[in-house]
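Once you've looked at the hints, dock chain A against the given chain S.
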Amino acid sequence: MNAATFAIIVASATPLIFAAIGETITEKAGVVNLSLDGSMLLSAMTGFAIAYTSGSVELGLLGGMGTSAFVAFIVAFGGIRLRLNQIAIGLILTYFATKLSALLGGEFVRKPGPFVQKMSLPGLEDIPFFGEVLFQQNPLVYFSFFLIIVSFWFIFHTRRGLDLQAVGERPEAAFARGISVNTHRYFYTILGGAFVGLGGAAFSLDAKMGWSEGHIANYGWIALAIVIFGGWHPLRVAFGCYLFGAIQIIALKMQPSLPDLAQVLPIAPFPLMILTLVFLNMRVVQGFTMRFKGIGRLIRGTAPSALGESFWPD
Amino acid sequence: MNSVQQIKYFTGAIIISLLISIFFLWLIDAPLVDTAKLLVEGAFGTNQRIGDTFMIWVPLLLASASLVVTFSAGLWNIGVEGQIVAGAVAASFIAREVQGSTAVVLTLMVVGGFVGGALWGLLVGVLRVKGGVNEIFGGIGLNFVATGLIVYLVIGPWSRDGVASTGGTEPFRDQAWFPTIDGLRASPLALAIAFLALISVMFLLSKTNFGLRLRATGKNSLAANRFGIATSRYLLMAFIIGGGIAGLAGVTQAGAVYHRLVPSISGGYGFLAILIVLLARFRGFWVIPIALFFATIAMASFQWQLRLGLHSALGGVIQGVLVLSVVLVMGYQEVRRHREQITTRDETAP
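Sequence order for the protein chains is S and A. Our numbering puts the first residue of the first sequence at 1, with every later residue one more than the last. Our numbering puts the first residue of the second sequence at 1, with every later residue one more than the last.
Chain S extracted, bound-state conformation (with noise of 0.2 Å):
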């Protein structure tokens, strides 16, 4: 492998870091928002369809986070102000986002569009090895670099941190220091969302340029299991994005030299990367690598306590 394929595989990989590191910080709150599958494609085609119409990919991504973060703001309301079943709310959703991307988007199927253009980095792009694999990018993937780093920093480094981790993992411990567990919740699922919506446009607008039907279905669940495998921490996270697209860049070289498999290497990914968290998952996999303390740090995590339920100060 050389630098060209590691390019590429941090390119393809950027989308869903957006999508992956947007659950994150919504998980980190609480709050499941199981809606990405059909989130992302619903913010792939306004974004693509958007930047179609008007000319300006940059109204396209931001019409793709305004359509996931309103998708995330319903989760939130149904989850938190009606106390409905969060994964219940998210499941309808996918499937109707879904649907709904299908219906609205037929007109801009398979129509070339606008798309977010490289700009090499000056300086930096001269790097033996890493300018080429990181630095003769397009901004989307600067940008990525930046909210890798950022999340990272925000969410276990800054009193807002500290916060969000509060609200997420003890909510009443939270509200006794007059945290509004509440509004926070609200405020971190629609941002998460927005970055999920960021992610879906990313695809339309750069990594799988485009519109068409169902054009990057499955991708929502594996950005909801790399979340799990990253055990919510979003360097993990992203390690687990770079690994997803490593394996898609391996089964599509695979695929000339297995030709009986040619219309199952493609699919192939999404099962192993699926099954590689279930793995890892395994209590006895878990037992072994708490044997080894510098392992089972890197491959464990655990989800915040009050995921997935509601709070409410009566």
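Hints were generated in silico from the structure; no laboratory data involved. Every residue, glycine too, gets a C-beta built ideally from N, C-alpha and C. Take the hints with a grain of salt, since some may be wrong.
As the list claims (entries may be wrong) - What the simulated footprint calls covered on chain S by chain A, stretch by stretch (three residues with Cβ under 8 Å from a Cβ of chain A suffice, anywhere in the stretch; the number is not a length):
(1) 87-93
(2) 100-113
(3) 121-127
To be verified - Coverage of chain S stretches by chain A, computed from C-beta distances (three or more under 8 Å per stretch; other residues unrestricted):
(4) 166-179
(5) 220-228
The following block gives chain A in isolation, referenced to the frame of chain S:
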């Protein structure tokens, strides 16, 4: 419990979903009156169409029955799609390999399909119980595997002579076809299996000791465990029974609808059934009319596409709007009722 109030809110939810649906119809320039007319005509206009509608009803009933079982145990069985596929693959295997009379072949297909779906469901269950893997992700992972498996079989070992396409396998021999009413595609046997499965599930859950313990596990597994119920055994049983019933949907799809194995054998009915049981609030009886209504919309969706040139996703959007509106509005009603109870309690307190 004020049921008059509930009916009021429910009616309101239906009206809201109608208005939103009309908005989407307006958005895509659909002729309102023709679309509405075709909803009924498309599904029930001719005997042929009634038969076809019933054949969509069948997998929806079966997948819903499956989900009622697993949800009673507190499980979100998103793996239902994969279990339908597993049932269809098992039934196709028997249809290809077993020689004999129609009665023998069909019986074996039903049994084999149930076992196939049950084993696929059990896999999710074992991952959950022994591996601590959330059933949503275990299920989705295995859905992907099932999709890969069926595509591999259809274009690989089970492909038609000389043509390796995703179009499907060779049609089954006559003995593996579910008998149909003359001139229609509807199979009374398939409908009977679906109703038998649903009624058995309702009986099992409400009238047996097993059902009581299963529901106790679903309501509060910690308490159930303290009470001496081996909860993990009940979770696994729920996956076996639920998976098996989902597998039956695969059997009827392969044996009574397509008469061969195709990659899209599940038709997305597993996921649609999740919406049905959510709307029915997991009560078996309500699954019957709701599944029929959803089958009506699905059938009308074909006609909308065929006759009015509307997008095939329209039906799905309307189904989604309906379920979303009802769930949100009924949730709002619950919250209000809760609030009112608190205020009356506070007022009457000394």
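Notebook entry, point to check: Which of the numbered hints are not met once you compare them with the structure shown?
Noted result: 3, 4
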